[in-house]
Amino acid sequence: MRTRKQKTANIILAAVLFILSLFFLFPVIWMLANSFKTDAAITADMNTVKAFVPPALNGSFLNNYITIITDTSFLRYMVNTLFYAAIMILAGIVVNGLAGYALAKINFPFRERWVMIIMLLMVVPTETIITINFLFVAKMGLLNTVFGYVLPMIVNPFNIFLFRQVFVSLPDDVWEAAQLDHCSPFKYFFTMVLPMSKTVVATVSVFTFLNVWNDYLWPSLVFTSSDLLTAQIGLNSITSNDNTTMGQTLAVITMITIPVIIIYALFSKQIVEGVVSTGSKEG
Amino acid sequence: MSFIELKHIDKQYAGADRKSVTDFNLEIKQGEFIAFVGPSGCGKSTTLRMIAGFEDITGGELFIDGKKMNETAPRDRGIAMVFQNYALYPHMTVEKNISYGLKNMKVSSGEIKKKVDWAVNILGLEEYRYRKPKNLSGGQRQRVALGRAIVKNQKVFLMDEPLSNLDAKLRVSMRNEISKLHRELGSTTIYVTHDQVEAMTMADRIVIMKDGVIQQVGKPMELYEHPANKFVAGFIGSPQMNFYDITLSGDTVTFRTGEKITVPESVISKLNGRQGEMILGIRGEDIKLDEQNLSVYGNEKQQAVVENTEVMGNENNLYFTFGGSPSVARVSKYEISKIGDRIEFILMPSRMHFFDKETEACYV
Numbered sequence: 124m125r126t127r128k129q130k131t132a133n134i135i136l137a138a139v140l141f142i143l144s145l146f147f148l149f150p151v152i153w154m155l156a157n158s159f160k161t162d163a164a165i166t167a168d169m170n171t172v173k174a175f176v177p178p179a180l181n182g183s184f185l186n187n188y189i190t191i192i193t194d195t196s197f198l199r200y201m202v203n204t205l206f207y208a209a210i211m212i213l214a215g216i217v218v219n220g221l222a223g224y225a226l227a228k229i230n231f232p233f234r235e236r237w238v239m240i241i242m243l244l245m246v247v248p249t250e251t252i253i254t255i256n257f258l259f260v261a262k263m264g265l266l267n268t269v270f271g272y273v274l275p276m277i278v279n280p281f282n283i284f285l286f287r288q289v290f291v292s293l294p295d296d297v298w299e300a301a302q303l304d305h306c307s308p309f310k311y312f313f314t315m316v317l318p319m320s321k322t323v324v325a326t327v328s329v330f331t332f333l334n335v336w337n338d339y340l341w342p343s344l345v346f347t348s349s350d351l352l353t354a355q356i357g358l359n360s361i362t363s364n365d366n367t368t369m370g371q372t373l374a375v376i377t378m379i380t381i382p383v384i385i386i387y388a389l390f391s392k393q394i395v396e397g398v399v400s401t402g403s404k405e406g
Numbered sequence: 002m003s004f005i006e007l008k009h010i011d012k013q014y015a016g017a018d019r020k021s022v023t024d025f026n027l028e029i030k031q032g033e034f035i036a037f038v039g040p041s042g043c044g045k046s047t048t049l050r051m052i053a054g055f056e057d058i059t060g061g062e063l064f065i066d067g068k069k070m071n072e073t074a075p076r077d078r079g080i081a082m083v084f085q086n087y088a089l090y091p092h093m094t095v096e097k098n099i100s101y102g103l104k105n106m107k108v109s110s111g112e113i114k115k116k117v118d119w120a121v122n123i124l125g126l127e128e129y130r131y132r133k134p135k136n137l138s139g140g141q142r143q144r145v146a147l148g149r150a151i152v153k154n155q156k157v158f159l160m161d162e163p164l165s166n167l168d169a170k171l172r173v174s175m176r177n178e179i180s181k182l183h184r185e186l187g188s189t190t191i192y193v194t195h196d197q198v199e200a201m202t203m204a205d206r207i208v209i210m211k212d213g214v215i216q217q218v219g220k221p222m223e224l225y226e227h228p229a230n231k232f233v234a235g236f237i238g239s240p241q242m243n244f245y246d247i248t249l250s251g252d253t254v255t256f257r258t259g260e261k262i263t264v265p266e267s268v269i270s271k272l273n274g275r276q277g278e279m280i281l282g283i284r285g286e287d288i289k290l291d292e293q294n295l296s297v298y299g300n301e302k303q304q305a306v307v308e309n310t311e312v313m314g315n316e317n318n319l320y321f322t323f324g325g326s327p328s329v330a331r332v333s334k335y336e337i338s339k340i341g342d343r344i345e346f347i348l349m350p351s352r353m354h355f356f357d358k359e360t361e362a363c364y365v
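These protein sequences, in sequence, are chains D and C.
The opening residue of the first sequence carries number 124 in the numbering used here; numbering runs sequentially from there.
The opening residue of the second sequence carries number 2 in the numbering used here; numbering runs sequentially from there.
It is worth saying that the hints were derived from the structure and are not from the lab.
You may find that some hints are simply not true.
Said to hold, decoys possible - Simulated crosslink set (DSS-like; lysine-lysine; CA at most 25 Å straight-line):
{"#": "1", "chain 1": "D", "residue 1": "310", "chain 2": "C", "residue 2": "104"}
{"#": "2", "chain 1": "C", "residue 1": "135", "chain 2": "D", "residue 2": "392"}
{"#": "3", "chain 1": "D", "residue 1": "228", "chain 2": "C", "residue 2": "116"}
{"#": "4", "chain 1": "D", "residue 1": "321", "chain 2": "C", "residue 2": "302"}
Since the structure is predicted, the reported quantities are computational estimates derived from the model, not experimental observations.
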């Protein structure tokens with residue numbers, strides 16, 4: 124049973140955490156509140172508490188958002204990004220999952236050395252290999268194609284390592300039982316290994332989504348056609364346009380932030396587990 | 002004709018300096034229930050896994066139903082296996098666990114339903130049919146593992162310590178269920194266990210192994226009554242057989258601590274003239290404390306002080322030191338002794354075993 128002293132300590136702790144969280148949240152609240160205002164209202168409220176309060180609900184409440192959706196292609200960019208993320212999640216689970224499984228469960232020469240190499244690759248920043256990737260994709264004639272964007276990003280040492288860490292603890296006798304049940308290795312992987320490792324599949328999916336959603340550099344190199352652009356590039360082009368108002372800028376930032384907040388809120392457990400099992404966070 | 006034949010089977014793991022299984026020879030008849038027993042690391046599970054195809058055979062030949070199986074994939078050997086840790090598919094219900102193999106074998110859905118119904122019924126799993134393994138007890142999980150094995154109508158059942166994770170009471174009931182299933186299905190079964198009681202109570206024949214080598218193959222009572230060596234004599238039977246270092250001179254046995262007993266000619270004759278230092282073995286139940294035996298063998302009476310007692314309910318175990326060795330006598334529940342009591346007993350001469358001191362092979 125908790126003592127009175129413990130209860131008081133908990134209340135104080137909760138209060139301190141609440142105040143601290145306000146410090147972290149205030150830019151988000153400010154962004155959200157002002158995304159519904161005209162530029163004149165934003166300027167007028169700038170130095171008052173009203174800067175954190177949304178305007179009254181009226182006919183023009185969603186004007187900034189409506190302008191972004193109707194006058195720009197930002198919604199399309201968001202759909203594009205979701206589509207790329209879906210492809211990357213599916214392909215990434217298959218490719219990185221199979222690689223992780225091989226490193227965890229299949230005996231082959233120098234297996235542990237390969238694991239070391241994969242771990243070393245995790246510390247190589249994307250920026251250092253992006254030129255090679257670009258030249259490779261360009262030589263293959265895949266610039267400005269979905270395939271060219273997705274292909275170099277599927278293999279991910281972080282995800283391979285994450286899968287490997289989880290698969291290594293799967294019991295071997297389940298595979299042996301499955302063999303006696305006439306299950307092929309690939310069928311075993313898709314019908315047994317992945318369902319038995321739902322948490323890591325969810326973790327990898329979340330990280331992949333966040334990677335794709337937040338990626339700016341790679342898509343800006345591969346894509347030139349406006350039909351294929353991603354949300355981050357769209358954000359940049361909209362916010363750097365002189366005709367875009369402050370309110371519209373905040374609306375578009377809100378639109379691009381909301382999916383990330385939702386993902387963090389829904390999958391915080393998986394994100395934490397991913398960080399715990401690999402000791403690092405990607406994306 | 003033998004149904005499963007293991008000829009000079011060897012197993013040596015890469016990098017190991019000695020073989021895990023050495024020159025394993027065994028013929029198993031169709032429908033037989035064979036138990037592999039031995040202490041941890043004796044090679045019993047390795048042998049079973051070689052039969053299953055999960056371990057490569059380093060040397061020798063394995064035949065199942067007349068076909069050489071050394072290079073055959075596990076799925077094509079016609080075997081079903083029950084694993085120590087059940088190896089159930091955790092994300093599937095009981096029904097799906099049992100039917101998974103049949104689906105992969107392209108059995109018609111009507112036939113699958115019939116077989117799953119039969120297995121679920123025979124194993125008493127009807128009410129757990131749609132539960133996942135995590136919501137089942139150890140005994141229920143083991144029954145699902147059995148169900149998964151029996152529905153496939155395979156020629157051979159392999160069981161790798163299937164009851165070792167269950168509590169004592171459940172183990173007894175599952176033992177009976179497995180024996181009953183074996184009788185009903187008539188399948189050839191190889192059962193690995195480190196528990197000699199399981200082997201004795203279930204198997205038609207027992208294979209006792211030590212350090213990768215077969216020590217003896219025989220029916221349970223053959224092994225109990227006529228052990229091939231001191232290891233078998235000590236491994237089979239609970240409590241363990243008592244062993245004494247003795248010197249045999251004529252018909253007189255002298256214990257290390259000086260006690261002497263006379264052994265009748267009928268026993269001496271079986272030793273074919275062997276004399277000198279050897280090991281005498283006698284089981285706890287063959288050390289008698291009752292009045293009748295004490296009066297018949299009065300001259301051979303020995304004495305010791307009880308150091309510990311185990312009241313088992315149906316019988317008592319009395320622990321004492323005799324002839325320089327720790328000893329145990331298994332007596333009836335009516336023969337009550339307390340710690341510190343001085344007891345008189347006789348070692349039944351006709352029940353004595355004599356082992357070579359060097360090779361530990363059994364003479365009698």
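Could you grab the alpha-carbon distance between residue 135(C) and residue 392(D) and see if it respects the 25 Å cut-off?
-> holds, 22 Å
Hey, residue 310(D) versus residue 104(C), does the alpha-carbon distance stay inside 25 Å?
-> Holds. Residue 310(D) to residue 104(C) sits at ~13 Å (cutoff 25 Å).
Take a quick look at whether residue 321(D) and residue 302(C) sit within 25 Å of each other, Cα to Cα.
-> violated, 71 Å
Pair hint outcome, residue 228(D) versus residue 116(C) [Cα-Cα no greater than 25 Å] | Not satisfied, since the Cα-Cα distance of roughly 33 Å exceeds 25 Å.
Of the numbered hints stated above, those contradicted by the structure are hints 3 and 4, listed in ascending order.
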